[in-house]
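Participant: Here the protein sequences line up with chains Y and L, keeping their order.
Read in our numbering, the first sequence has 571 at position 53, and its numbers run on one by one without any break.
Read in our numbering, the second sequence has 75 at position 63, and its numbers run on one by one without any break.
It cannot be assumed that every hint is accurate.
Unchecked claim - These stretches of chain L come out as covered by chain Y in the derived footprint (C-beta under 8 Å, 3 or more residues): (1) 15 to 24; (2) 35 to 46; (3) 55 to 67; (4) 133 to 146; (5) 155 to 164.
To be verified - Below, a list of computed lysine to any residue pairs in the SDA-like style, where the Cα atoms sit at most 20 Å apart: (6) L:Lys78 with Y:Val620; (7) L:Lys78 with Y:Phe577; (8) L:Lys189 with L:Pro144.
Just so you know, these hints were derived from the structure itself, not from any lab.
All C-beta atoms, glycine included, are put in the ideal place defined by N, C-alpha and C.
Below, each chain spelled out in residue letters.
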Amino acid sequence: MDTDQLIRTLAADNAYRARPIGLALMLALLAAAPISLLIFFAELGVRPDVMTAMHNPFFDLKFAVTLALAASAIAVSLHLSRPEASLRGFGWWLLIPAGILVAAISGEMMMPQRTPMMTRLIGKNSMACMTAIPAMSLPLLVGALYGLRQGAPARPAVAGAIAGLLSAGLAATVYASHCTDDSPLFVATWYTLATAIVASVGAMMGARALRY
Amino acid sequence: MREREDEWTDLMRSAISGDDAAYHRLLRAITPVLRAAARRGLARAGQPVDQSEDIVQDILLAVHLKRQTWDANAPFAPWLFAIARNKLIDALRRRGRRIFVNIDDFAETLPGETPEQTASPGEVTAQLQTLPARQRDVLQSIAVDSASIKDTAAKFSMTEGAVRVALHRGLASLTAKLRDR
Numbered sequence: 519m520d521t522d523q524l525i526r527t528l529a530a531d532n533a534y535r536a537r538p539i540g541l542a543l544m545l546a547l548l549a550a551a552p553i554s555l556l557i558f559f560a561e562l563g564v565r566p567d568v569m570t571a572m573h574n575p576f577f578d579l580k581f582a583v584t585l586a587l588a589a590s591a592i593a594v595s596l597h598l599s600r601p602e603a604s605l606r607g608f609g610w611w612l613l614i615p616a617g618i619l620v621a622a623i624s625g626e627m628m629m630p631q632r633t634p635m636m637t638r639l640i641g642k643n644s645m646a647c648m649t650a651i652p653a654m655s656l657p658l659l660v661g662a663l664y665g666l667r668q669g670a671p672a673r674p675a676v677a678g679a680i681a682g683l684l685s686a687g688l689a690a691t692v693y694a695s696h697c698t699d700d701s702p703l704f705v706a707t708w709y710t711l712a713t714a715i716v717a718s719v720g721a722m723m724g725a726r727a728l729r730y
Numbered sequence: 013m014r015e016r017e018d019e020w021t022d023l024m025r026s027a028i029s030g031d032d033a034a035y036h037r038l039l040r041a042i043t044p045v046l047r048a049a050a051r052r053g054l055a056r057a058g059q060p061v062d063q064s065e066d067i068v069q070d071i072l073l074a075v076h077l078k079r080q081t082w083d084a085n086a087p088f089a090p091w092l093f094a095i096a097r098n099k100l101i102d103a104l105r106r107r108g109r110r111i112f113v114n115i116d117d118f119a120e121t122l123p124g125e126t127p128e129q130t131a132s133p134g135e136v137t138a139q140l141q142t143l144p145a146r147q148r149d150v151l152q153s154i155a156v157d158s159a160s161i162k163d164t165a166a167k168f169s170m171t172e173g174a175v176r177v178a179l180h181r182g183l184a185s186l187t188a189k190l191r192d193r
């Protein structure tokens, strides 16, 4: 097939419209979410004292951090799906959840505490956190990568890592309602480690899946 | 050059709003520029330039299938050159070269420098043979016999909708095969 023939063929297909990437990503995440929720309700469930916990600002702050991570990673993912885009000028979005976390840690430091710092940091659920967040992230990550395949990222591994952040942010939001460790120090340590694991898996999967 | 790139942007906007002829003109207009850049990239990597047509076709397929990532409020050329650069790097890497491609290779093509296609490209043609029969028939009818979608539908007693689906799927799987080869 010579190039003129190829061009004629492409022009004949001009009527085809692909889904916008934002919509493709949303649909793929919605399709994957039930699997993650199934893992959550089968293995973990919401903590029993959730009604009282809601009055604890540090319990609520966990959701602010994880939702900020998910939202900023979604924004960066959509940006990076364009071939000419780079992280420059957009990477700072990812500092928002980190900023909230730093503010929360300093807030906690200024309050009188009954338990010592290391006890709060190590917590009771570190192993659950480190397994539950990656496990619940995985279906979301596969969904996110599937949706983002509509895009054309210049660096597929980077785009995959951001997709990992996105799915870890969503999974951690659900997991936070189970976890009884509310200290920002715990969140900064274990949630971050779990998120880093998911981001690395995302980078490895994205390097293949997001090539175009 | 500015003028040329503004014209591309206008053509792409018309194409997206459903003007098939504008899309055809756009693809024809960018092809010599892509060809010149592909030749330059190959020459710099010490590769025979007669493979440039495979790279041009690779780029055109990617442009077609990733159109939805172009922001209609942005100029078209930077988007096009980003895709072209990515595909050129891919092609050189596949030939075992690590090379940095300068984006100016694309931007600085002079209007007079419009080489004609030389060697016949083989990669798309080879992958075409591996497609399911229905998709291959539809693609060949439109590409080689320059039949319209309507004529193709009549020829294979398909609906026009089915021809369109087969055409798009054929192009998409052709691209996937070229990428994963």
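Participant: Is it true that the CA of L:Lys189 sits at most 20 Å from the CA of L:Pro144?
Facilitator: With a Cα-Cα distance of about 13 Å, the restraint between L:Lys189 and L:Pro144 holds, given a limit of 20 Å.
Participant: Three or more residues of the region 35 to 46 of chain L near chain Y by CB distance under 8 Å?
Facilitator: n = 5 at 8 Å, threshold three: holds.
Participant: Are there at least three residues in the region 155 to 164 of chain L whose beta carbon sits under 8 Å from a beta carbon of chain Y?
Facilitator: holds (count 5)
Participant: Quick check: the region 15 to 24 of chain L, covered by chain Y? Criterion 3+ residues, Cβ under 8 Å.
Facilitator: Not satisfied, violated; 0 residues make the cut.
Participant: Are there three or more residues in the region 133 to 146 of chain L whose C-beta lies within less than 8 Å of some C-beta in chain Y?
Facilitator: holds (count 4)
Participant: CA of L:Lys78 to CA of Y:Val620, is that 20 Å or under?
Facilitator: The hint is violated at about 39 Å.
Participant: Within a Cα-Cα threshold of 20 Å, do L:Lys78 and Y:Phe577 meet the stated pairing?
Facilitator: 43 Å, violated
Participant: At least three residues with a C-beta closer than 8 Å to a C-beta of chain Y: is that true for the region 55 to 67 of chain L?
Facilitator: Since three or more residues must qualify, the claim that chain Y covers the region 55 to 67 of chain L is violated, with 1 doing so at under 8 Å.
The structure fails hints 1, 3, 6 and 7 (numbered hints given earlier, in ascending order).
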